[in-house]
Amino acid sequence: MPPLTSRPAARLFVLLTTLAVFAAACGSTDDVDATGAAPPTATTVPTTVADTQASNEPTNTEPSAPDSAVPSVNEASEPAAGESATNDTEGSPAATEESSYPVTIAADNGEVTIDQQPQRIVSLSPTATEMLFAIGAGDQVVAVDEYSNYPAEAPTTDLSGFQPNVEAILAEEPGLVVAASDPGDLVTGLDAAGVPVLIYDAATDLDDSYAQIEQLGAATGHLGDAAEVVGQMQTDIDALVSELPTLKRPLTYYHELDPSLFSVTGDTFIGEVYSLLGLESVADAAEDAGGYPQLNAEFVAESDPDFVFLADTLCCEVDAEEFASRPGFEGLAAVQRDAVVGLDDDVASRWGPRIVEFIEVVADAVTENMPEGASTQ
Amino acid sequence: MTSTRDVPPSTRSPDRSDGGVEQGADRPFTPGLPVARLSWRWWLAGWGCLIAAVLLGVMIGPAGLAPSTILRALIDGLPGVSLDTGLTERQAAVLWQIRMPRVVLGALVGGALSLSGAAYQGTFRNPLADPYLLGVAAGAGLGATVAIAYFGGSTTLLLPLAAFGGALVGVAATYTLGRSIGGRSGATIILSGVAVASFLTAIQTFVQQRNDDTLRDVYAWILGRLGTAGWGEVLLILPHLIVAGIVILLHRRLLDVLAVGEAEADTLGVNAGRVRLTVVLAATLATAAAVAVSGLIGFVGIIVPHTIRLLAGASYRVILPLSVLLGGAFLVLADVLARTLLSPAELPIGVVTAFFGAPFFFVVLRTTRRSL
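Sequence lines, in order, name chains H and D.
This note's numbering puts the first residue of the first sequence at 1, with every later residue one more than the last.
This note's numbering puts the first residue of the second sequence at 1, with every later residue one more than the last.
Here chain D stands alone, though its shape is the one from the complex (with noise of 0.2 Å):
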């Protein structure tokens, strides 16, 4: 990053203000591409904090572990290594099976959502675009509270299936609705979004009156939460964060380009619809996935985007990968207060994400006081 502070503005040319690499992503600009590559130094930084906050996940929790003996059992855990870890049982149970899974899949499902939501926001061209933007909670919501309105179903795999199924369900209506009303930008996508979002709300809301029994359950869900069903949840959604990430940062460069325009695009040879689409059925396996095991944990997918896109560029070459770094960081973070705040009670981590994430943002919008 080319710091500019120290340049009088008089001096500055306005083309090479922000060394390209910050270039807005709305800010029409005609002199090529900006050579923009993921620093080493923001790679070292990126994974410095996913490795300290998923350290910090693993050191702290209600089951007061030391965090000597932590380290130890960690190292032991290292294939080829064996020490004395000094940990009973249970002890072992508790860091192996509860705590570990649990800091995983909020790595997991924090890097996804932010991938996906600083894919969508690219695809979109819109700065509010957010993983849920096309119709994935509401589905994905409304297979949740299927299952456990009628299938009993928050102690079986059945539940993340059913939000999974439920979230693609969404999308599909969306994306044929929005086909079937025509117009080449993506505002008619997002519109109907909107529409299915509100519709299929509004069916599971009805289902969750009906069974108001259930409606702690659905709450829980819905507020967000990391699993407590172990290593389960995590190999469940591996396979598709893995593919649906593959997919959407091989497409980082296409992204870039269609941050220039859709004509500008389709004048340097690039089909924009088609590298719309694919995109945003990664996005959306993606954040489903994400979605099936956690329930709707607001905010991420907007804040750790826009949050990178100040610090480090606009580029998505930037962004993408940062996204799956930070994001993963920040969610572990987020997981660490919900379940030391009120310990051993837990708080749905949507709270912590959105009460702290907000400030956060706010403060890094005002400090980089550049527009979005």
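Bound conformation, chain H alone (with noise of 0.2 Å):
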């Protein structure tokens, strides 16, 4: 474009005009509208969540025994929230009357203070859209994140858990947000908007995936369901568990996130539950590496585990037949016993009520697949 080039004024102004309008069209399919908006919900009080950064105590201080009704609600708070709860208000409609607000909540980001009963939550974290829905508490979901795929009806939207966007996320004029993690600015974004924010991490074994449903009953007003949640999810855990052979000795797994042999070693929430079962991780020998090593090929053939478990069929599409086919794995026994296990990739990696599940395809899998001798029976 000769004319253009001899005038480099000419040329950086259409530039910039091609980045405007770009960046307009961009920011137009976006959703937020109403950027300038009034603070989302004017009734919330943001003064009483002001010293939510200081007092960050771990929540793993060990959660008191999931059947009492609220474990990890703080007590400093108004004690009403916990006592109005008991579990013979099963599936009572109800259920929002059980929680009297203003609650406090020991999340892992703090306490949180909510005034009133959350109308609209938006959900950054998978398995916490699991338990919220599985709480009764999914008529108060507005969205969820991309990755929410489950139950059906949670209401997907493209907002991030990995690089939440504040005012997309304020856009939904939420009463309530609850992520996963917080990689920068979502506490305090939201914070100064007056929103409260609930940050649960990967449970770090049961009873913490427990606490995390129970407080997330006391936060949305359905503690009477979230007990009974938990105690569903005791009870038939409990049972899969004793239904299983006596073991002569410990069995050993492999566990795969990822084709480049990713694992998980006993010290992760996925680990604890194998131990449940009476598993061990052959990436305990990789502790050195921390709670997800990445495993050297001939280790996972020379270790030649029990059973080997896939949790990475959706990503992947790995298969029996396709870990079976790698250099070097066919004469391993799990392979030779029909012992690899094809996982849901988002079962094995969430940590809310759908762990049952998992628990169950483990504990078939063990049942009908025991080796010779490594069982009473």
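Hint data in this document are derived by calculation from the structure and do not stem from the laboratory.
Please note that a few of the clues may not be correct.
To be verified - Incomplete in silico selection of chain H near chain D, CB under 8 Å:
no., residue
1, 150
2, 162
3, 165
4, 167
5, 257
6, 258
7, 262
8, 266
9, 269
10, 293
11, 295
12, 296
13, 301
14, 324
15, 327
16, 328
What the hints assert, rightly or not - Computed list of chain D residues with no C-beta within reach of chain H, every gap over 10 Å:
no., residue
17, 40
18, 75
19, 247
20, 249
21, 253
Claimed, not checked - Computed beta-carbon distance windows for the label pairs:
no., chain 1, residue 1, chain 2, residue 2, range
22, H, 231, D, 210, 34 to 44 Å
23, D, 210, H, 367, 51 to 61 Å
24, D, 250, H, 321, 56 to 66 Å
25, D, 45, H, 373, 50 to 60 Å
26, D, 64, H, 321, 26 to 36 Å
27, D, 235, H, 304, 25 to 35 Å
28, D, 359, H, 231, 51 to 61 Å
29, D, 41, H, 338, 49 to 59 Å
30, D, 219, H, 372, 32 to 42 Å
31, H, 287, D, 359, 26 to 36 Å
32, D, 219, H, 242, 51 to 61 Å
33, H, 372, D, 359, 47 to 57 Å
34, H, 367, D, 64, 28 to 38 Å
35, D, 215, H, 244, 33 to 43 Å
For each residue, glycine too, the CB sits at the ideal point set by N, CA and C.
These two chains come separately, so use the hints to put the complex back together.
Have a look at this one:
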């Protein structure tokens, strides 16, 4: 374009205009039509959560026995939050009357006070979404992040939990935001807008998971439902564990997170669940590399686990056949015994109520494919 | 290599100081090209290092096989020899299907990256040129990310193919854009390489952000890994590497001529542009093949050629063949560390090459005290 190149100023103008048009076009496709909208819920009182950052006590202070109705609702707050919750309100439509607000929740981001029952909840954590729907708070959920694909009725949006956009979240006018992590300014940004945020990291064990469910129950006004969900999970899991054949030796397993051989040790949530079933991860030998080490292929072959669980069937289209076709893996005992089990990636990577389904799959596999002489039967 | 240490400086004649062999590539010199053959001692050293590294690579691994057993198995593997190796079937599978292909792949990738690094440095007469210079890395990264994110590609040969295709697209874009700008020096090509790389990296990052669930896979690929796909990957890249290697090695004399300067090369009847195009294409082919199976292993293409240049001489007739041998040896050793330091967990090999390569390179620089 000779006419343009000869006039740098004109070219710069064209460039800038193009950029501006481009930016405008992109902006309008985004959901931020309410950029300047008034603070979403005028009723929330920002001052009550002012000290959120100050007390950052980790919640893994051994959540009290999950059968007590309200384990981790902060004692310092209005005791009324917990007292009215009893187990006999099962399935009661009046569940919303259980909690009296304001209620203070000790989440992973410190103590958070919620002034009134949230009617518009945004969940940026697939696990939290599953928990919210399981405890009957699904009707209050107005938006969930792009990876919250369960249950089907969850209102999936293109909100990101990995790179949350505070403005886009505020556009949903939430009364409560639940997320699994705060990569930057999520809490500060929402605090400034007076929206309470609960951060729940990946649970470290089942008790931690139960505590999160019950805290979500307290936060959303579904304490009784939450207690019921937890109770049901415990009953189911106990039943599954007790039906397992008695083991003479611990069984070993290799849990695959992706085809480049990332795995889990017993120190992770999923590893804890496996050990509940008497299974030991071969990756425990690689503890130096953290809870999710990338294993060496020849080590996996050499350690010859009793079971292989593939948690990369959806992401990466791995299955037992593909696993067996990898170099050096064909002769593995698990391959020979048909003990290579494909899992639902999502179920196996979340710490919500569906963990029971995961335990069921693993327990079935163990019962059906017990290695010769490993159990008393 | 003629030593000059024991000759008092006053008696040194400036022209003969380095016996020609160690003439710096960017030092203009007129009295004809140096006679620079690769001495048999360096040949021997190169092969010795490579063989030692490969042996070490085969002996060491998390699956704790006894070295004597492995030696017996290796001898048994020679055609016409049959020995009782005492390996169980599984151990044999570990040795022949997992460990051996990985060592061979390491040697091939290391040799390819070093050779193309040296070739780029020669054609662009730029000591900082590395195999990823012209958008190869960014293109391959984009191809790999797309394959992983949208096609679950990390279990099939789709990943290397996509990375390979991406690398070629990256270089083609760089070259087309560079030529459309014009200019005779290599600088325009390098600059358009920078632009193309940034552009492709932006797309790659976007795709990756849209698919955070595959982050771990993409990350593992980008930091470099020597595949677990066995002999398949070795066979996949071998033909490309052989073709590229032969082409580059055949141009070793012309690269020496080019090192003198483009105008001088022209007067000697060398078509600098064509030499550069041919060598760059071959080096790109080698790099793309290497990147396709191993991800982005940094630093090899810079430190190995430069170390050779500093130790053995600046002629491309010395640097190119030695790069293949020593680059292979270096990467095999780096991989030994990558799989033993955290054993039985893996460390990305790119971390090892940079962590140990950079200080080593610095030591070489200091002890030789020569400018590049």
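Checked hints:
Annotation: residue 150/H was flagged as interfacial toward chain D, and the flag is violated, the nearest CB pair being 14 Å apart, outside 8 Å. Below 8 Å, beta-carbon pairs count as interface contacts, and residue 162/H has one with chain D at about 5 Å; its hint therefore holds. Among the interface hints, the one on residue 165/H is violated; its C-beta lies about 12 Å from the nearest C-beta in chain D, farther than the 8 Å criterion. For residue 167/H, the shortest C-beta to C-beta distance to chain D is roughly 17 Å, which exceeds 8 Å, and the interface hint is violated.
For residue 257/H, the shortest C-beta to C-beta distance to chain D is roughly 7 Å, which falls under 8 Å, so the interface hint holds. Annotation: residue 258/H was flagged as interfacial toward chain D, and the flag holds, the nearest CB pair being 5 Å apart, inside 8 Å. For residue 262/H, the shortest C-beta to C-beta distance to chain D is roughly 6 Å, which falls under 8 Å, so the interface hint holds. Checking residue 266/H against chain D: minimum C-beta separation of about 15 Å lies over 8 Å; hint violated.
For residue 269/H, the shortest C-beta to C-beta distance to chain D is roughly 17 Å, which exceeds 8 Å, and the interface hint is violated. A cut of 8 Å between beta carbons decides the hint on residue 293/H: the least distance to chain D is about 4 Å, and the hint holds. Evaluation of the residue 295/H hint against chain D yields a held restraint, the C-beta minimum of about 6 Å falling below 8 Å. Interface hint status for residue 296/H: upheld, as the beta-carbon distance to the closest one in chain D is roughly 5 Å, under 8 Å.
Given hint, residue 301/H at the interface with chain D, holds; its Cβ is 5 Å from that chain's nearest Cβ, closer than 8 Å. A hinted interface residue such as residue 324/H counts as satisfied when its beta carbon comes closer than 8 Å to some beta carbon of chain D; here the least separation is about 12 Å, so the hint is violated. Interface hint status for residue 327/H: upheld, as the beta-carbon distance to the closest one in chain D is roughly 3 Å, under 8 Å. At about 4 Å, the closest approach between the beta carbon of residue 328/H and any beta carbon in chain D falls short of 8 Å, and the interface hint on this residue holds.
Against the 10 Å criterion, residue 40/D stays outside the reach of chain H, whose nearest CB is about 37 Å from its own CB. The claim that residue 75/D lies off the interface holds: its Cβ sits roughly 21 Å from the closest Cβ of chain H, which is beyond the 10 Å cut-off. Against the 10 Å criterion, residue 247/D stays outside the reach of chain H, whose nearest CB is about 31 Å from its own CB. Here residue 249/D stays apart from chain H, with its beta-carbon at least about 31 Å from theirs, past the 10 Å limit.
Chain H leaves residue 253/D outside its interface by the beta-carbon criterion, the shortest separation being 41 Å against a cut-off of 10 Å. A beta carbon spacing of about 40 Å between residue 231/H and residue 210/D agrees with the range 34 to 44 Å that was offered as a hint. Distance hint check: the CB atoms of residue 210/D and residue 367/H are about 41 Å apart, inconsistent with the given range 51 to 61 Å. Under the hint 56 to 66 Å, the C-beta atoms of residue 250/D and residue 321/H, about 45 Å apart, miss the expected range.
A beta carbon spacing of about 55 Å between residue 45/D and residue 373/H agrees with the range 50 to 60 Å that was offered as a hint. Checked against the hint of 26 to 36 Å, the pair residue 64/D and residue 321/H passes, with Cβ atoms roughly 29 Å apart. Between residue 235/D and residue 304/H the beta carbons are some 27 Å apart, a value that agrees with the proposed interval 25 to 35 Å. Range check, residue 359/D to residue 231/H: Cβ separation about 59 Å, and the 51 to 61 Å hint holds.
For the pair residue 41/D and residue 338/H, the beta carbons lie near 58 Å from each other, so the given range of 49 to 59 Å is met. The given range of 32 to 42 Å is respected by residue 219/D and residue 372/H, whose C-beta atoms sit roughly 40 Å from each other. Distance hint for residue 287/H and residue 359/D: a CB-CB separation of about 29 Å, consistent with the stated range 26 to 36 Å. Distance hint check for residue 219/D and residue 242/H: the Cβ-Cβ separation is about 41 Å, which falls outside the suggested range of 51 to 61 Å.
Evaluation of the 47 to 57 Å hint for residue 372/H and residue 359/D yields a pass: the beta carbon distance comes to about 53 Å. Between residue 367/H and residue 64/D the C-beta distance comes to about 33 Å, which sits within the given range of 28 to 38 Å. One distance hint, 33 to 43 Å for the beta-carbon pair residue 215/D and residue 244/H, holds here, with the actual separation near 35 Å.
Going down the numbered hints, you'll see the structure goes against 1, 3, 4, 8, 9, 14, 23, 24 and 32, while the others check out.
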